[in-house]
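Those protein sequence lines, which keep their order, are chains A and C. So in my numbering, the last spot in the first sequence is 284, and the numbers never skip. So in my numbering, the last spot in the second sequence is 333, and the numbers never skip.
Far from chain A, some chain C residues (derived; all Cβ distances over 10 angstroms):
| # | residue |
| --- | --- |
| 1 | L84 |
| 2 | F169 |
| 3 | G176 |
| 4 | V184 |
| 5 | T190 |
| 6 | A195 |
| 7 | L207 |
| 8 | G237 |
If you want the footprint, here are the derived chain A segments under chain C, 3+ residues with CB under 8 angstroms:
| # | region |
| --- | --- |
| 9 | 128 to 138 |
| 10 | 218 to 230 |
| 11 | 235 to 245 |
| 12 | 258 to 271 |
Don't read these hints as lab results, they were simulated from the structure. Glycine included, C-beta positions come from ideal geometry on N, C-alpha and C.
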Amino acid sequence: MAIFSNGPAGLKRNPPLTFGLFLLLALCLLAAIGPFVADEALARVGATLPRQPPSAAHWLGTDSQGRDMVTVLMLAMPQTLKIGLVAGLISLSVGVALGLISGFAGGVVDTVIRLASDVMMTIPGIAILVLVAANVREMTVAVMAVIVASLSWMVTTRTIRAQTLSLRERGYVQIARLNGSSTTRLVFVEILPNLLPFIAASFVIAVSNAMLATIGLEALGLGPQKELTLGTTIYWAQFYGAILRGMWWWWAPPILLISLIFIGLMLTSVGLDSFVNKRVANGS
Amino acid sequence: MYAQYVARRFGMMLLVIVLAVSINFLLPRLMPGDPVEAQLNQLLATGGGGGDISAMVEAYRARFGLDQPLIAQYLSYWKAVFSLDLGVSLAAYPERVSHAILAGLPWTLGLLGFATAVSFVIGTWLGGLLGWPRTPRVTRAFGTSLILFSSVPYFLIGMVLLYLFAIVFRWFPAGGGMPFGQSVGFNWQTLTAIAWHGTLPAASIILAEIGAWALGMRGMMVSVLGEDYITLAEAKGLKPRRIFRWYGLRNALLPQLTKLAMALGHIVSGAILVEVIFSYPGIGFRLYQAIQANDYFVIQGIVLLLSVSIAIAMFILDLAYPLIDPRITTGRD
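Model the full assembly from the supplied sequences, consistent with the hints where possible.
Next comes the structure, spelled out in structure tokens:
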């Protein structure tokens, strides 16, 4: 519970978490403002002269379809973050629910859930994603989020199940049970609040995994066709040979943005991990 | 105990394979509309068609056996999988899917095997150093920056490497697995050419993977250092280097091996796009081409191969653990 009770003082003692959250916040802010400032017309095919290097008129130049890259990025960024957040939230809710049920119910239910998550973990996610995405006629941001989420709930389920198993044997839970608390009360009042640090850590991992999968799919050309995302931008850059033609302004900025997102998520995850896993924190 | 453990792991592998084959079978059928119509329309609309269209329709019909009841289709699908009859490529008709896969497989296996081995060794060693209190500051800073690197997807690192070392400096070739037109043979010239073309793709995987191994190893090393036998070793006055190697590193290594199995799937999927960026002739690049051309059977075949081979690889690694760590068969999962 240290994250929540210590407040700013806790953050100061945890540089990775501070930097990570700051980075993510800044990127989210950028993504939130972007669409309001951007002139959507400039992101349409043929809006300006194609293949222009960065200049005063087009700060990041234009791609070979004549799209202004600054505008493209401002519109693509929120979509990419949205997919990550929505997919992360869905996979987190599914993961937490299944983890709690599995840890609490035990028996056949537990076995089935555990087996399902083990099997799903073995099958390479992107392989199945490619198959699904290749079959979906009209890919949208929402469909993308759901597809990705359906293949990334397993890690959360495992973490929450293990923690639930350990928590339910603790003294105060046992006493509450003996006092005749209902299972609902046990789960929501005694167990769930103590799981919050793990849920927070799982959420960051879920978002990170979801974004990794989405950007991979988009870069393979399986992303939403009608909406701009960072991964799709990279796909077109790759498709039209932007690297070989030396058009660095086309592919480098989206790569930089994606890298910053992942570094932010990574730092946050490492920072949260040192709360959850005390031994690692003290050792370094 | 061992037999029971092996049986359980084997069952797990079978389950994964059955599931993977079933997903492969069901997905196209779950989608609305006639798969033959839809796929061919898509193919024609994107101009991916080549060869005789009516022969393709026949191939499709025969492959799906669409007039049969679902259960019969399912059984014949299994039969086809077992006889490695994965259908024909539509974009490169009449090339067989199994042939396309076999052509790409050695490239992918070579690239992945090499990159994974190198990154595992360097990353594990680096992670051990990061978890060791006596490690100098410089090494620590270097290791930490590599860990940050590992959060960035492989293919993005690949794009930057490609631009810097193939376009700007022109030290390495910009793509392909071999010089254009040269044939593969077992001679020195071929080997150097392959290594030359493989350097940048391998480097992008290695750079991205080292950090992940280091991060895991660092965590393990820190917990191992808290164990009593380390304190005892220190009390005995053993040299720090000896404690680091034989007491720390060795004991922290086991979970890394477990992670090697888990990471296989992750590495394979990450490498798909690296192959695309470098036009490397492995199955990842073939998959990309198949997606471009809506070449459905090839997509399906490669996905099936990936799932099944990872399931088998994990089973083999599962068999090896108890030989390294006897606690595994007796302990819980």
